[in-house]
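Student: Two chains, each in its own frame: build the complex with the hints.
Line order of the protein sequences matches chains D and H.
If you're matching positions, the first sequence starts at 0 in numbering that gives the first Met the number 0 and goes up one per residue.
If you're matching positions, the second sequence starts at 0 in numbering that gives the first Met the number 0 and goes up one per residue.
It is worth saying that the hints were derived from the structure and are not from the lab.
Since the structure is predicted, the reported quantities are computational estimates derived from the model, not experimental observations.
Do not rely on the hints blindly, as some may be mistaken.
Derived Cβ-Cβ restraints for the label pairs, each shown as a range [unchecked claim]:
id : chain 1 : residue 1 : chain 2 : residue 2 : range
1  : H       : Gly-102   : D       : His-119   : 21 to 29 Å
2  : D       : Ile-138   : H       : Glu-66    : 26 to 34 Å
3  : D       : Ile-138   : H       : Gly-102   : 27 to 35 Å
The C-beta atom is built at its ideal place from N, Cα and C for all residues, glycine as well.
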Amino acid sequence: MNIITIVLVIFVAFLAGMEGILDQFQFHQPIVACTLIGLATGNPMDGLLLGGTLQLIALGWMNIGAAVAPDAALASIASAILVTYHGASVSEGIALAIPLAIAGQVLTIFVRTLTVGIAHAADAKAKEGSFRGVELYHIGALMIQGLRIAIPAAIILAVPVEVVTDALNAIPAWLTGGLAVAGGFIVAVGYAMVINMMATPKLWMFFALGFALSALGELNLIAMGIIGVVIALLYIQLSPEFNQGGGGGGSSSGGDPLDDILNDY
Amino acid sequence: MNMAENKKFKLTKKDRLKVFWRTQFLQASWNFERMQNVGWAYAMIPALKKLYTTKEDRAAALKRHLEFFNTHPYLASPVFGVTLTLEEQKAAGEDIDDAAIQGVKIGMMGPLAGVGDPIFWGTLRPILGAFAASLALSGSWLGPIIFFVAWNVIRMSFLWYSQELGYVQGGNITQNLAGGLMQKLTQGASVLGMFILGVLVPRWTNMNFPMVISRVDNAEGEMIDFAALSEAANEGVMSGDMLRNVVADIQAGMAIQPQEVTTMQHTLDQLLPGIAPLLLTLGCVWLLRRKVSPITIIFGLFVVGIIGYVLGIFG
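Only chain H is shown next, with the shape it has when bound in the complex (with noise of 0.2 Å):
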């Protein structure tokens, strides 16, 4: 480490500022082939630039850092904190050859994509795109502002911290990130992403059931008496007891229709309320699995929809 104590080969701040804002476009020609690894090369240039000054150290720097390399996009800024380390002790003359960065870096680029996926995006932006869809959806302009703004903050934040810790940490990281940290990280977002899914399915899933099951006619005195009501206010003779009666029998739970009209929806609500979204969703989540892919899954409810809207069954 003394080695790199020549200023030539120490990354300053801004040197990993630079890095840091072009770790944004990592996946800007990601292809079939190697995946991010012009990205990869692109972020690592302005750490290179400073390293190395000879046509030949620069050739050989990009050849190397052009090798296959993907993961998760958040949680590629680690591995860059800790390959910027590995590069300044190399031009420092430390004997690190081209094999063991490239080991470095798909040793960790399995392991924080398990974790990226899960955190970012199966609960974070689930979570606050559900949250920012309800606002919207409500009317308010604070549902996108929220979603961009907090996304933008929490994104930003964790890839310029996660890859200064890993290029103070370097090669310690990867069995801290591995380990236990992260598992924890990732375990307590699952049990909240799970949670409020829970929570979401039988709120924001609209599924109405209006066909009429039974009709029964309310017998009298189960009902308010309109009749009585309207002859008393032509004759002139209604006065505020008789209407304060009237919203008292409604707040008793008499009835207002002649007929109690029992729709599937009052059944199933009874029953559990929620129960068609969450009998829907894990219908979903079965097909999933079976390997039937979402956009056929999309077009079978779309087809569903229409034939049980034609029927009557949905509306």
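So that you can see chain D by itself, here it is in the shape it has in the complex (with noise of 0.2 Å):
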């Protein structure tokens, strides 16, 4: 085992389980972090591969209020290095991915309760007016949610390949075929979850378009965006709701929020 690989895959795990609780770089993302670790690893296409089927999964992943979602972190994580170091299939690593993510989920929700007490030491050193202490409570609480995945990522890596392979070979064939084919629709819960937050009855008609106008294989994703974004304005300009205002005579710019906005910027 190459210690610059153990390094460097423990480094990105590490990184991704911060930015599971920051969301702000997006390390965590299946697409960033599974490519992530197969350059690690020295299998690059396969840690694509993975990260790009994962991500799709993944779509609807997300913490609304205080919602803690499935976690992309570790799922990425864990499964790209059993597929990219140990060599699962790529389908294995799919299917290997989902509980991860609950296990990952678990791991935040402790980490997050664990937390309650870090704000109780940052009250305590705001009472005697230390910066310092503030910030390394606070530095100190993200470094915890950076290992909550780079233990794991640690204790996968060190299994020997063989004792992972052999877990791998054992796995019967209806059971590998069966989650592959399950492998490439399980994605419809991910665009489910999205449609779930997002819908309201107005809008389930622009799915209805985006559906029919699907079978239309010359219109790449770039087409449809440009179709999808002029049709978001012209919504927006047409809409009723949005022109409220009535005949009250539109032709002065102040009627615009947007230019008022900009206009004082």
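Tutor: Right under this line is the structure:
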């Protein structure tokens, strides 16, 4: 086992763990995390393919309010190590990613509870007027979130390759075949989660339009994106809910709140 | 406002950039009690450090910024901007009490979270992610690169400019953001998101039903006569014209196999391309609305996949 590989994998896992809570740079998203793990283990193409597939599945995994979503960080990192380092197939990686996402979710809920203590410790430092103390506790919590992924990654990395391959070979063909088939359509859950969040009765017609146009293979996603933006702009301009001013003479520039803000700015 | 002219109580662009950098770590110590509270204080520290010098003032400032706060991590930026303005005024001696500052924060966070979730998590990330995934699945490195760069450029510009907007506009911004502009943005993003989802559902869900529904023998004359062709080849009388005719026949729609096999997939495609993924997705939405957890649905689909594969329904 190459020491550089180990260090790189654990570093990427640490980044993904921090991003799993921060949700800023997106190192925890499968398409980034799996690709980076693939690069670290010297098997970039498998990482890329796994990342692309997992990204579609994780499309709807989002933290809204205080609700905690399935954890993309552990799912991506651990399954990418299994695929690119231990030689599991991409479809096995996808099947394993799901229980891993739940394990990661449980871990992050645990850490988010643990940090209640950190918040109280920060209170104590605040009483002393110590900026440094508050900063240290805050960053300390971030480190714990990083370790939340880095430690499992190190453990999975340490398991001998033979053990993993033996375990994978012991899986019967009907199971792997079935998992591969299911892997093709569980993305529907991700789509459904996004739809469930956004759909209002008025918006379903746009879904129907996209579905109908989808059959036109000549229109790639960029073309579809252009069509979608045009429709969205038209909708905003024409929809009565944004034009309640009545016939009040829209010619004055003061009517547009966007204009107002930009002018003031 | 004139009181704030004292340089000591004016935050420079450099101060605001420091706050901007730190807002990216807003959620680091996210906890179930007061959620983003420590992160909020952490991001405010560069400003507080400049505005308050005595230990008592600093302790009081930290205390008021360690109160409960939670919103979409990016939409916190305009709230930061407004709060920076309020803190400047307070430090300069204006009568702004802790409750007023907390009131502004709480008042803004609710509507803003409602705007950020559909725009960033509901539309932008799925669309960008799906586009990048399609590139990745075709083996292109541009997938992850475009995803990472585009997301972070959009995100960081949004964080900085919305913070500046909040800083310049002060309290007025709540009205503007929660009012017309943001509502338009949210609606527009949702229209775009729903449209693209409609496109993606049939395109990227792989469902194949190889079950054979019917086998019909092709009558003579409906199928290319390969027997005659091979005979001609064996006897050495094969000609270019014969081959050309074969190709023309294929292009004209003549069958190649002796049997016409119709699978379940063919039938479904004739009915409406992508109908199976559509029904599956709508079924998932239905289950989600009945509070079935996504993970349960995913496990359920794995079970369906395995059983279907064993029975030969899926392939």
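Student: Compare the structure with each hint and give your call.
Tutor: Results of checking the hints against the structure:
| no. | hint | verdict |
| --- | --- | --- |
| 1 | H:Gly-102 with D:His-119: 21 to 29 Å | holds (24 Å) |
| 2 | D:Ile-138 with H:Glu-66: 26 to 34 Å | violated (21 Å) |
| 3 | D:Ile-138 with H:Gly-102: 27 to 35 Å | holds (29 Å) |
Consistency note: the structure conflicts with earlier hint 2 alone.
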